[in-house]
Structures are given as C-alpha cells and as structure tokens.
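In order, the protein sequences belong to chains B and G. The numbering used here numbers the first residue of the first sequence as 1 and each following residue consecutively. The numbering used here numbers the first residue of the second sequence as 90 and each following residue consecutively.
Just so you know, the hints here were simulated from the structure itself, not pulled from any lab data. One thing to keep in mind: the hints can contain errors.
[Stated by the list, open to error] Each pair of labels, with its calculated beta carbon distance range: (1) B/Ile25 <-> G/Gln311: 37 to 43 Å; (2) G/Arg165 <-> B/Gly31: 44 to 50 Å; (3) B/His32 <-> G/Gln344: 31 to 37 Å; (4) B/Gln29 <-> G/Thr180: 32 to 38 Å; (5) G/Arg307 <-> B/Met39: 36 to 42 Å; (6) G/Asp294 <-> B/Asp66: 27 to 33 Å; (7) G/Ala255 <-> B/Lys13: 34 to 40 Å; (8) G/Ala255 <-> B/Val17: 30 to 36 Å; (9) G/Met335 <-> B/Ser67: 36 to 42 Å; (10) B/Asp37 <-> G/Glu201: 32 to 38 Å; (11) B/Pro40 <-> G/Glu156: 37 to 43 Å; (12) B/Leu74 <-> G/Asn258: 23 to 29 Å; (13) B/Ser14 <-> G/Arg307: 26 to 32 Å; (14) B/Val17 <-> G/Glu170: 49 to 55 Å.
For each residue, glycine too, the CB sits at the ideal point set by N, CA and C.
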Amino acid sequence: MRLLDFLKGERKKSASVAKERLQIIVAHQRGHRGQPDYMPMLEQELLAVIRRYVKVDQDAINISLDSDNDCSVLELNVTLPNEGEAAKS
Amino acid sequence: MAKIIVVTSGKGGVGKTTSAAAIATGLALRGNKTVVIDFDVGLRNLDLIMGCERRVVYDLVNVIQGEAGLKQAMIRDKRSENLHILPASQTRDKDALTLEGVEKVLMDLSEEFDYIICDSPAGIERGAQLALYFADEAVVVTNPEVSSVRDSDRILGLLSSKSRRAEQNRDPIKEHLLVTRYNPNRVNDGDMLNLDDIREILAIDLVGLIPESEAVLRASNQGVPVIHDDKSDAGQAYADTVSRLMGEDVPLRFQSVQKRGLIARMFGGGGRR
Ligand SMILES: Nc1ncnc2c1ncn2[C@@H]1O[C@H](COP(=O)(O)OP(=O)(O)OP(=O)(O)O)[C@@H](O)[C@H]1O
Ligand SMILES: [Mg+2]
Numbered sequence: 001m002r003l004l005d006f007l008k009g010e011r012k013k014s015a016s017v018a019k020e021r022l023q024i025i026v027a028h029q030r031g032h033r034g035q036p037d038y039m040p041m042l043e044q045e046l047l048a049v050i051r052r053y054v055k056v057d058q059d060a061i062n063i064s065l066d067s068d069n070d071c072s073v074l075e076l077n078v079t080l081p082n083e084g085e086a087a088k089s
Numbered sequence: 090m091a092k093i094i095v096v097t098s099g100k101g102g103v104g105k106t107t108s109a110a111a112i113a114t115g116l117a118l119r120g121n122k123t124v125v126i127d128f129d130v131g132l133r134n135l136d137l138i139m140g141c142e143r144r145v146v147y148d149l150v151n152v153i154q155g156e157a158g159l160k161q162a163m164i165r166d167k168r169s170e171n172l173h174i175l176p177a178s179q180t181r182d183k184d185a186l187t188l189e190g191v192e193k194v195l196m197d198l199s200e201e202f203d204y205i206i207c208d209s210p211a212g213i214e215r216g217a218q219l220a221l222y223f224a225d226e227a228v229v230v231t232n233p234e235v236s237s238v239r240d241s242d243r244i245l246g247l248l249s250s251k252s253r254r255a256e257q258n259r260d261p262i263k264e265h266l267l268v269t270r271y272n273p274n275r276v277n278d279g280d281m282l283n284l285d286d287i288r289e290i291l292a293i294d295l296v297g298l299i300p301e302s303e304a305v306l307r308a309s310n311q312g313v314p315v316i317h318d319d320k321s322d323a324g325q326a327y328a329d330t331v332s333r334l335m336g337e338d339v340p341l342r343f344q345s346v347q348k349r350g351l352i353a354r355m356f357g358g359g360g361r362r
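Work out the full structure: start from the sequences and follow the hints.
Structural data, given as structure tokens:
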C-alpha cells in the first residue's frame, strides 16, 4: 500500500485538502454563532467604509461582540497592508 | 408527549427525505406510534418515498388554514399501522405556514404519538427554520463533501440559537450526526472525507452511517422506504440508526470496504478455522 501511495506521487489527497479547508470555514462560522443578526451587515458596511480609504482584503476584517454581565464590547480588528515590503522582515 | 425529531441538513439533495422516511418507518416497526410530516411546502416528495402519493387528499397547509382536520389529512401507512404521514402542499407557497399553526399541529399530534418526525426543506430560510423550531432532537444529514459539511455546521448554529428550546433557555436540542452516501472505496482512495474527519469537524454525536447504495433508488422507485429492504446495506444501516435513536448501543457497520462477498467469506472462513 505504502509503495503504491508513493508511486502515485506526492500529491496531497483531495480529502485531506477538504478537511483543512473545512476546519478553517467551520472555525470562522462558529466565531459568528449566537451573535445578533445585524452583525454580518455591520461587518460588510464597516469593511466598505474602510476600503474607501485603505486597500484591504475581504477577510482582513474581524469583528466580534463580547458580552459581560453589564457591558458589551464591540471589537474590530483590521489587518492593514504593510507600507512597502521593508516593514515585513 | 411525543418526541419531536427534525431531519435537516441545510444543503439540498443530501438524503433528508430518504432518511426521514426510513427513520419514521423504523420507529413504527419497533412499535412506536409515529407520524412523519413533510415540511417541504410546494415541493412535496415524502409521499412518493412513502408510496402514498395517490392517497393524498388534504395536506399540512389545509390543516393549518382550518380547511381540514388532522384526522382527514393524515394518511395511514399501508404497511405499518403505527405509522402516519402528513403530506405537504404541492400548490401553496412556503408562507402558508405560520409558527402558531405549526405549533398547534405539533401539540395536537403530541398527545397521540410517541414520535413526530419532521422532514425539513433544504436551505436555512423560513421553511427550514419552521421545521426545526419545535424540535427536541435533530438528525443532521451530512454527505462526505465540503459544501454539505459546511451547511450542516450552519444548521447546527440555527439549532442552538433559533429554536424554541434555545429561545426559552431550556435544555438544547439533542443533535445527531447522520452521515449518508458514504463510499468507503473513495475514502480509501483519499478522495472522500472519512467519517472521523467529519465527526471531528462537526463535533456532534454520530447516530448512523448510511453507505451509498443502489438499494435507495430501488426503494424510491417502488415507494417503499429502504428500511423495509432488510437485506440491503442501506436498510440495515437505517435500522441501526433507529436503534441508536431509541437509546440502544449498536456497533457501527459499513465503515470500511466490504472486501469479500458471502461465498468468498464462506470459503476463506472455512479454510482458516
Ligand atoms: N445512501 C444513498 N445511496 C444512494 N443514493 C442516495 C442515498 N441517499 C439518498 N440518495 C439519493 O439522493 C437523492 C436525494 O435524496 P433525498 O430526496 O432524500 O434528499 P433530500 O435531502 O430530501 O433532498 P431535498 O433537499 O431536495 O429535499 C435521491 O435521488 C436519493 O435516491
Ligand atoms: Mg427532501
């Protein structure tokens, strides 16, 4: 079996690619669970506003609502692109 | 009080109606008074799978709108006296169902039946939400395929937030994973998600594993739920599923490739003994 796998090539099996993709998707979906219905719209509109000024990716924005006993915190994380490659290293 | 079980999935065409028909039939064969309701208003299918399409007179919408009584609309299964079918309307649209109307129907049925099985329409919109709203348990039908798994996770989100149990802060809906159309050969080849991966991703209890099977099409051609075909793999896998829903602990079958046929096994087994 092993030899056969080897002969078939190094290519990653499609099912394991599927699994990795799903793990990311599901983690993302679960992050949004139990949040108010307006959150996706709010996220989209905030993203649109930010994009008017800075060029960011669709998934560069992360928004979450945490509620404690007596206060709720709306947290907004935006990953801005680096100003030139120098900043990277 | 009946136990209300919704059969749901998000994604269309994954085997909800096949599963609802098999599970309802199986529960009835095991002596439970069972009614199975088609919530797919406008696109009914359950009557065909149950083989009672020519006996449909009234439907769920008629009952909710007060045009017919429950007794008039329910069809008694011709094979099992414990089993009744409440068909969906073929003509009305989904808005004909109201939350209050559905609640009344379920409450009335609750007094007479042990199990109420709700066959959900596809999607995550109103129709699917109505089908799951009053549920005590949910069978989440999932195929070993990315879009089906993702949609199942969406449905799990709805079950835990948009149901009556969630809104009233009662014990949550009991969620069961039912993996269908599983093909162990393709899993072995590495081209189909395997059962453990699906379980790991969705993280809910497994209630059954139904293999991809020729028996399913044969059963739907004939209008006889596949669980009646007790020689078939799918029929047996659904029977196991019903046992687990009733709280029994039965071993999982059909997870790996059936390597040898009966004859080969007889010879092979004889030689080794
Ligand atoms: N285990 C199986 N093996 C082979 N074919 C299957 C299996 N389960 C379901 N099918 C086939 O898949 C198709 C869809 O099944 P079914 O109608 O039960 O799905 P559904 O989820 O109710 O669809 P919809 O979302 O449209 O209501 C049918 O043609 C059925 O015969
Ligand atoms: Mg269906």
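Violated hints - listed by number, lowest first: 5
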